[in-house]
Amino acid sequence: EPALIFDLGGKFDKSFNEAAFNGAKRWADETGNTFREIELQSEAQREQALRRFAEAGSNPIVMTGFAFGDILNQVAPDYPDTDFAIIDMVVDQPNVRSVVFNEHEGSYLVGMMAAEASKTGTVGFIGGMDIPLIRKFACGFAEGVKAVNPDATVIANMTGTTPAAWNDPVKGSELTKAQISQGADVVYAAAGGTGVGVLQTAADEGILSIGVDSNQNHLHPGKVLTSMTKRVDNAVYQAFTDGAGMEKGFNVMGVANEGVGFAMDENNADLVSAEMKANVEAAAAKIADGSLMVHDYMSDDSCPVLDF
Amino acid sequence: MTANDSRGQPETAAPAIELKGISKAFGPVQANKDISIRVMPGTIHGIIGENGAGKSTLMSILYGFYKADAGEIFIAGRKANITDSQAAIAAGIGMVFQHFKLVENFTVLENIILGAEDGWKLRPSLNKARKSLVELAKDYGLNVEPDALVQDIGVGMQQRVEILKALYRQADILILDEPTGVLTPAEADQLFRILGRLRSEGKTIILITHKLREIMEITDTVSVMRRGEMTATVQTAETSPAELAELMVGRKVLLRVDKTPATPGEVVLDVKNLKVVDDKGVERLRGINLNVRAGEVLGIAGVAGNGQSELLEVLGGYQDGTGEVRVNGQLIDLTGKKSDGQSRRARGIAHVPEDRQREGLIMEYQAWENTAFGYHRDPAYKSGILMDNAAIRADTAEKMERFDVRPPNPRLEAKNFSGGNQQKLVLAREIERNPDLLLIGQPTRGVDIGAIEFIHQQIVALRDQGKAILLVSVELEEILALSDRIAVMFDGKIMGERLPDQTDEKELGLLMAGITDTDRDHSVEEVEANLAHAGGDTSKEV
Amino acid sequence: MDVMPKWAEVILVPLISLLLAAALSALVILAIGEDPVAAVKMMVTGALGSTYGWGYTLYYATNFMFTGLAVAIAFHARLFNIGGEGQAMLGGLGVALACLYIPWPHWSLALIGAAVMAGLFGAVWAAIPAWLQAKRGSHIVITTIMFNFIAAALLNYVLVNLLRPRGQMDPATARFPEATNLPTLHELLAPLGIEFSKSAPANVSFLVAVAACFVLWVLIWRTRLGYEIRAYGHSESAAKYAGISPVRITMIAMIISGALAGMMAINNVMGEAERLVLNSTEGAGFIGIAVALMGRSHPLGVFFSAILFGFLYQGGAELALWTSIPRELIVVIQALVILFTGALDNMVRMPLERFFLMVRTPPKPERKPVEPAE
Amino acid sequence: MDYMTLIQLLDSTVRLATPLLLACLAGLFSERAGIFDIGLEGKMLAAAFFSAAVASLTGSVWIGLLAGIAASMSLAALHGVASITFRGNQLISGVAINFLAAGLTVLIAQDWFSQGGRTPSLMGGARFEGITLPGADAIADVPVIGPLYAELISGHSILVYMAFAAVPLTWWLLYRTRFGLRLRAVGENPAAVDTAGVSVVGLRYAAVAICGVLCGIAGAYLSTALQAGFVKDMSAGRGFIALAALIFAKWRPWYALWATLLFGLFGALETRPDVIENVIGFKVQGQLLGALPYLMTVVILAGFVGKAIPPRAGGEPYVKER
Ligand SMILES: Nc1ncnc2c1ncn2[C@@H]1O[C@H](COP(=O)(O)OP(=O)(O)OP(=O)(O)O)[C@@H](O)[C@H]1O
Ligand SMILES: Nc1ncnc2c1ncn2[C@@H]1O[C@H](COP(=O)(O)OP(=O)(O)OP(=O)(O)O)[C@@H](O)[C@H]1O
Ligand SMILES: [Mg+2]
Ligand SMILES: [Mg+2]
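Residue numbers (the working numbering), protein chains in the order written: chain L, 4 to 311; chain Y, 88 to 629; chain A, 468 to 841; chain Z, 186 to 507.
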């Protein structure tokens, strides 16, 4: 029986963890099998959950979130017969599959769309907490914007410095309004539950928004320009399907293998012109074949186009 | 069947109040035991008894503040069902509690209408109250400033507010629980004039007091309580203070202080030009000069709030001041780090503060912890880096024994001792230190006569050992009885010094009102006007 | 003066309160369609049924002991320190600096060094609000709340911009060197021949916490400083009379309080995570308030209520692992326990008192009835 | 900073201050009556959930508002039972209520909607829309007062106007009516109220109930006016900030308005680093920006606000005999 461990945000965070849950559920629905899961309540439970599931014979064990990396590195050698998959982090152990996503690439693509959809030449980014992962999103996004419109302004705000920053839609709303008053007409939210407020306010105020992780286009049909999809669901689904004895090593999920991308569906069909779509797809192709390198904030802890 | 018939006594009228078989226990403590009492209309009925005898409890039951466990209450011959204060008020009962029940940051007027407003809007109620206040003031000479905050007026004034509260509610029966405990003789006299006035109007008054002089002066009948029981009820005219005292305490009580003339020695305390400015910037002491010699008691008389408290505080080390204070010839710091209670104690100054509950004791501390209070850094109470609790407890047991503190249990919390016994705890702590100088404020406030006798004996004994004593009291009787010299304070200054055998209450009373030409005749109004001027912030006295 | 025998007050009242909380929790579990009996069984065996369970229970309890004691000592001086959370964060920073930048030869020295740093950092973070309260009259409740937020921002800055190893995704410090790793109870007990679970995080900090309980008990009830702190807490006016400086007591009580809260970091940061992560305190500072209040600010009470909360945390984790009961249920159970044992205790006490008053032998006639009985 | 920016900043201030103001006034009633309440946060959260949930189920935001108020009042009643009837510790009771609300809202949300502790998004009549005050459109283009009226004063949800109206109302109730006199008295000296023949228990329950109503509106404002639905923990510490504002305001209604507006302004400034940069001339580092409101509060508190004296009987249960 496989197991899935969600990060502290909880499985219904409408983005990252929820995507993982959807992948697991898809697997369960298709195979008719069951899986174990746990939503963590505290840091100490990371190791506890890993060990308990491993000892109870769960295999493989999939976990979401970079915060598991350090602990998995310690725990994995103790259970050589158990396979682990970690999402968003590289752990170099023989029984671990590491799945990382090139969020900067996906963000670059939606950044391009934002720049093309923007009439004011000003777009906004709203992050949850100011942590490197979020800067990676922001930097890729800004680069995409600048690629289309070098004169565009990117306003980037972070919501807060406590965990409440991920669950403060009211603050998300206010930030959106503040960005609107500075001229932004497309905003990209990478802020968990706070993003709900961003998308809502953007819809209310008649500007476009960009969702994150899952496809959030349906939240406000016709108001969400697109979503930067990070196919965590596929990663989990794949790990569950491969089951025990799966292939280990690094899996880099980028634009090339459709690990990240932008969401198109009937909800945003009218918002994205054919030309826009073509441009973005062309860029995607270039990223895929390596002719276009999007700067990864994590590579040198800095961003050439955005100042934090 | 009326209350009168039941006793079969010939009565001209039904008693205004009759209590039958009232019992009340607080947990294991039986505060009132099967108490019966009848109070005739248009009389003043005194109740006396030791601390903790159950007087306040009984009155609180009558006022509906506590519920009796058993017993019945009859008002004007009819059985009354007093379930709460509302019912008591409706039955025409008003009560002035021992500890005033006033909202300190409300105005006088607001306090008076609280609970007796008419209508839900405040304005009309206030206006109406203001009018009746003027009338009441005229009728009874109860002058108050309606818009003053209660925390800014003196205790005497607060007392009036409490009485006005009852009168405003048209009380026919007025209960006063130790009303004179914090009043000066002048204020007390005025209170009694008002009570006399009320009696003549047919109102019934119950007066609880520890002062036999007051009982003899104003009451018609007096009841004595002991240990939760009503032990006697007598006509005031047919009894004497000595008899009452004996009924109360169960033994003969010396009503005078026996002392030999003083033999003053060296100057122990020498104060020059002492000034104190309080937090609000008001000058509370305006250049005090005085000295106290070894082996004498200097009594400081004065209306509460004229700087006596500040004098004790600054000498006790917890109020900053300027000027020159010497103890045994050595200058002491009046400000800064070295000026605190600890350094004063190190200089041989002991201090019995005016307010035992707010300052002298930690009410939640057990008796033994309180015995160390202020002296907790004494090496004798130390064992290694810890406090030697066993030593403190042993010491406490001895002190309690010597000072006859009851119950003599070092592990009882201070709040569970009666007022008199709390005071003895403080005295034991301070006197047994054998200080060079004892500062002592209001030593017998609210204390029963048995305890007063004892406390006075201790003070005299300390003096006879050659110690210097600075006594502050608003009780002129006490000042006259204990002091070897008397200084009168008014408005932060010493108005004059007198010798106890060359002065009297009248002269001191005038000095206390700031009037120095004491030979002339003075009208009541003049004295009052002066007093009002000096009233000051005395809320802390309550 | 007590109506009830001491054992009833100390054991019976909390026990019945706890049972009431459990009964209500059972109803909630039933309402969401789960089996309450099985759930309780799982919690108890999961938290107390094995050395593994105990290892986690005690780990959480250690955190709560530190923060609970921190709140308790401040309470004795009538100061309400809501800032335990921020002080613990700063304590974590202190531990991290001590462990990362000083080459410790042995864990025992590292523990001492880290504890000192943790205490120091926590104390400084408490001393500022204390000073503002003592000197400027700024209400300590507001300032400590504000300092929690400021601490979070500071920690965020330090971890993201300064202490995070280059290229690391996790806003956390590097792992502390091997030499600073604290021995777990497993390692400590093994030489004594006691088998204790290897994987549980309870470590030597637990012993430090227990020692802190004892030291604090001595401090509060047996030393002159404790005497002064309590005196000040009961009555500021009396404290002044006795020559106890309000400024000094406010500062000292808050510094001790902050140091204790900061020292929590030797458990969660040094003992468990072995690196400093952003979210290391996880609200333990706030739980400390409940722990202190439930323990009536007495170190022994704090000890037991910390264990109770440790039990709830670990039992809750077990529930989350093996059932589909949502983790919020655990929060509800915690709420009910706090409510019944801490706030509704009189609901149990009042009828009990009446009962004991009824059954107690009537006072002997020769006893003076008005003298308060002991 | 130009005029429009100022207007926008103040507009944001008003929105952010409104829930704080309502909660602060709620706390004011409770604490003025002598009942400390650190459970404002929990009551707000519960109200936020129930108003959104019921609005979403019924399609009517007004019914939602009532449900939110009812939920908040139930928790207030619990606080009352614990701290008034059973004379329990008011702080513990408040802590417990915060936990209870945090847990129950998600639990029930999951049970009702299965959307991971969220309610569905509210649409149409299920949420409060901003209302345009008469004439706002007409004078919008008038310089200075046009934007002031049309942007800042007009266009908020009805709850904002209710919150602001609650300030004079509270003042009037407290200082001009019999109820207010008694309420203030019971927080200062309950024995005085008791001996005056007025029920201490009754008054305190009334105060706690009013506290419940106001917290209920505050919560409803979060989820049905500012947002279009409930997200777990969405009160995000605002109850504690309201408590700080209450102390800041020295338990007075008008001061409460200024205090919460100040906190609102800090919050608004935090969303506009560009404005701050313009005003002070250099860029404020991100985390410092986040900490700024709290630093400013401490500075103002230490520098300008004197000692705050709470209601004297606050926090102590009223026991007249043991
Ligand atoms: N609220 C209370 N709770 C418990 N016990 C009380 C309470 N009030 C009084 N008692 C007990 O009842 C006894 C009688 O107290 P009461 O206040 O009636 O005495 P008193 O005669 O008024 O004394 P004093 O002269 O000191 O005012 C006391 O010994 C005390 O132990
Ligand atoms: N809550 C209480 N619990 C126990 N005993 C009490 C309580 N309240 C009062 N008492 C006791 O009741 C008796 C009388 O108390 P009261 O309130 O009349 O003041 P007091 O002790 O006479 O003080 P003072 O003489 O300074 O006015 C004392 O024995 C006091 O200790
Ligand atoms: Mg009495
Ligand atoms: Mg008395």
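Keep in mind that the hints are not guaranteed to be accurate.
Stated by the list, open to error - Label pairs and their in silico Cβ distance ranges:
1) P466/Y with G491/Z: 33 to 43 Å
2) R633/A with E501/Z: 26 to 36 Å
3) G500/A with S259/Z: 20 to 30 Å
4) T34/L with T317/Z: 35 to 45 Å
5) M296/L with R633/A: 17 to 27 Å
6) S302/L with A262/Z: 39 to 49 Å
7) E501/Z with K473/A: 52 to 62 Å
8) S305/L with T190/Z: 24 to 34 Å
Bear in mind the hints are in silico, worked out from the structure with no lab data behind them. In this text the structure is predicted, and so the values were computed from the model without any measurement. Built from N, CA and C at the ideal position, the CB exists for glycine as well.
For each hint, the structure was consulted:
no., hint, in the structure
1, P466/Y with G491/Z: 33 to 43 Å, "holds (41 Å)"
2, R633/A with E501/Z: 26 to 36 Å, "violated (56 Å)"
3, G500/A with S259/Z: 20 to 30 Å, "holds (23 Å)"
4, T34/L with T317/Z: 35 to 45 Å, "violated (56 Å)"
5, M296/L with R633/A: 17 to 27 Å, "holds (20 Å)"
6, S302/L with A262/Z: 39 to 49 Å, "violated (57 Å)"
7, E501/Z with K473/A: 52 to 62 Å, "violated (24 Å)"
8, S305/L with T190/Z: 24 to 34 Å, "holds (30 Å)"
Checked against the numbered hints given earlier, the structure breaks hints 2, 4, 6 and 7 and satisfies all the rest.
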